[in-house]
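Chains P and S are the protein sequences, given in the same order. Read left to right, the first sequence gives residues 1 to 260 (the working numbering). Read left to right, the second sequence gives residues 1001 to 1338 (the working numbering).
Be careful, since some hints might not be right.
Stated by the list, open to error - Below, a list of computed lysine-lysine pairs in the DSS-like style, where the Cα atoms sit at most 30 angstroms apart:
id : chain 1 : residue 1 : chain 2 : residue 2
1  : P       : Lys-18    : S       : Lys-1146
2  : S       : Lys-1146  : P       : Lys-57
3  : S       : Lys-1146  : P       : Lys-23
Unchecked claim - Here are the in silico distance ranges between beta carbons for each label pair:
id : chain 1 : residue 1 : chain 2 : residue 2 : range
4  : S       : Thr-1176  : P       : Ala-111   : 45 to 51 angstroms
5  : S       : Trp-1327  : P       : Asp-59    : 42 to 48 angstroms
6  : S       : Cys-1024  : P       : Gly-67    : 51 to 57 angstroms
7  : P       : Gly-124   : S       : Leu-1156  : 43 to 49 angstroms
8  : P       : Asn-41    : S       : Asp-1228  : 22 to 28 angstroms
9  : S       : Cys-1024  : P       : Ser-69    : 25 to 31 angstroms
Unchecked claim - Computed, partial: chain S to chain P, Cβ under 7 angstroms:
id : residue
10 : Ser-1011
11 : Leu-1012
12 : Ala-1213
13 : Trp-1216
14 : Ser-1233
Hints were generated in silico from the structure; no laboratory data involved. Since the model is a prediction, treat every value here as computed from it, not as a measurement. No residue lacks a Cβ here, since even glycine has one placed at the ideal position from N, Cα and C.
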Amino acid sequence: MNAPARLHAKALSVAFAKTPILKDLTADIPDGKITVIVGPNACGKSTLLRSLARLQKPDSGEVLLDGKSIHKQANRSVAQRLAILPQSPSAPEGLTVQDLVTRGRTPHQSALRQWSHQDAEAVGRALELTGMAPYANRPLEALSGGQRQRAWIAMAMAQDTEILLLDEPTTYLDLPHQIELLSLIQSFNQQSNQTVAMVLHDINLAARFADHIIALRAGAIFTKGSPAEVVTRNNMEQVFDLRCQIISDPVHRTPHVIPE
Amino acid sequence: MSWSLRLPFLSLSFSARAVAVGSCLLLLVTVGSVLALRLGSYPFTETSWLSVLLGAGSEIERMILMDHRLPRILTALGAGACFGLSGAMFQTMMRNPLASPDVIGFNAGASCGALIAIILTGGNVLLGALIGALLTAILVVSLAWKEGLPPQRLVLIGLGIGFALAALSDLLLSRTDARTAADMAEWLIGTLNARDWQDVWLVWSGLLLLAPALFWIHFPLARLGLSDDLTSSLGLRLSPLRLGLTGLGILLAALAVCTAGPLPFVAFAAGPIARALVPNGKPALLGAAVIGALLVLAADTASRMVPSIQLPAGVFTALIGGPVMIWLLMVQFRKGKL
């Protein structure tokens, strides 16, 4: 048995208006890996991610970050270790890419220390990595959907945390931009060894980019493991009610779902 | 383009445009103040005002300038800055330009409280305005609350409460003697008639005292513009932040109302005008303060320029603010935010 993961959900239960969303769910987010949470609509994927990021308070159970309950730690200290990009985030009109990415530095800043050398460095690095440097002075609303999403990712990267959570980062993007964004996240993960956990809708993209997949069904973990372990004909039928064939992706050798 | 300032204890970045626009506005304030000093029923020439200010001139000239016009102008600038700051803070916090204290009833609450304080006790206007604004804020927010503060609920309920409070103020007026009632009615529209150095001292010492808090809160306020989830994921604590902002905003609104009366639309228009001049998605607190000061100065000077009848300054701020409100409403409708 390895050392426990830095981010751990312990017997989480969450309900909205008496409807249970997560039921006694326990999960590890493996350090340094890319974890993808998959499952049918309304299975609790986003709720799990939001709970892991302390944006959703559980009714019972707890989320442990570095062995301590995340809700009992100072919010700022959590934000220095864990960043989350929520689903369809919004920014005030006119905010430039540079200013947005600078917002990511907030947990390292204060009213008196709003623009240190480290801030400038981290913002510059995030803009370079995401290829957004040429657009730094453009307002967000003047960008295409793909560029805008990369600007948000750059903000989360500038936060410079060991753990990054992303809630459906590929929503509203066409396939080439989905691939581009996920490749960006993957290369960042490989370079910096950052722990990534994200919710994705597309099971084939999950299989291609994940090291570890958590498959949810009705608020509980149905199965978890490597893509090869999770993406099987039997699991897909049980989790998604989808009858399918699984082939091996001829390029990446990851499992690929062909619906029947 | 932006500039960085790095000192051992302080590091900031400025946008060049904000600095340029800010300098122009400050120049406008200076020129406007000098014009306001010179113009009026007893005009001063291009140079005579300065010599009177420096101690020359006749007794009457000194009285007009030092005891009447100067305190009136300084009060106008201070109250305008308070209105502008308070409006921009609420608008940024609620992420909605309609959520300014004059639209959602807070100013009506402040003036109603001030009236009650004057009529019942003859006493402390500031305290009355503060308590009035605070109680109104608590009432409006608790009525509008529904798993958060939906903007349209807040605006509609705030408008309704504001009307009810205006009616209450009218009722209070009808219960007092005619002379007081006439003075109070003018005050209720908003006027800077007969301000003295005590008003100047009150509004400017208030601003000076609150300045460090404003500087401090500007940093989290700029982040609050993103969304609740993002703000707290960046490590800020929402509830204490909102509480602090509301408290500061109410203090500023009460300070402005008790020195200039509930001048309509200044708090509402200052922020959007400042943000239109520097459209960079930031709260524009300083810009809103200067625009607010300019608006009140302009309205008060205009009210002094109309011969024979004394129109309260509130009439003129309404003339400026009305079109701004229509413009904002149209923009909000087009974006489907209302």
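Hint by hint, here is what the structure shows:
1. Simply put, Lys-18 (chain P) and Lys-1146 (chain S) have alpha-carbon atoms about 18 angstroms apart, close enough for the 30 angstroms limit, and the pair holds.
2. Note on Lys-1146 (chain S) and Lys-57 (chain P): the hinted pairing holds, with a Cα-Cα distance of about 18 angstroms set against a maximum of 30 angstroms.
3. Between the alpha carbons of Lys-1146 (chain S) and Lys-23 (chain P) the distance comes to roughly 27 angstroms, so the proposed pair stays at or under 30 angstroms and holds.
4. Take Thr-1176 (chain S) and Ala-111 (chain P): their Cβ atoms lie about 46 angstroms apart, and the range 45 to 51 angstroms holds.
5. Between Trp-1327 (chain S) and Asp-59 (chain P), the C-beta spacing of about 46 angstroms keeps the proposed range 42 to 48 angstroms intact.
6. Against the hinted window of 51 to 57 angstroms, the Cβ-Cβ separation of Cys-1024 (chain S) and Gly-67 (chain P) comes to about 56 angstroms, which satisfies the hint.
7. Distance hint check: the CB atoms of Gly-124 (chain P) and Leu-1156 (chain S) are about 46 angstroms apart, consistent with the given range 43 to 49 angstroms.
8. Between Asn-41 (chain P) and Asp-1228 (chain S), the C-beta spacing of about 24 angstroms keeps the proposed range 22 to 28 angstroms intact.
9. At roughly 52 angstroms, the beta-carbon separation of Cys-1024 (chain S) and Ser-69 (chain P) lies outside the given 25 to 31 angstroms, and the hint is violated.
10. At about 5 angstroms, the closest approach between the beta carbon of Ser-1011 (chain S) and any beta carbon in chain P falls short of 7 angstroms, and the interface hint on this residue holds.
11. Checking Leu-1012 (chain S) against chain P: minimum C-beta separation of about 5 angstroms stays under 7 angstroms; hint holds.
12. For the restraint placing Ala-1213 (chain S) at the interface with chain P, the shortest Cβ-Cβ distance is roughly 10 angstroms, beyond the 7 angstroms limit, so the hint is violated.
13. For Trp-1216 (chain S), the shortest C-beta to C-beta distance to chain P is roughly 5 angstroms, which falls under 7 angstroms, so the interface hint holds.
14. Because the beta carbon of Ser-1233 (chain S) sits about 5 angstroms from the nearest beta carbon in chain P, less than 7 angstroms, this interface hint is met.
In this structure, the hints that do not hold are numbers 9, 12, in rising order.
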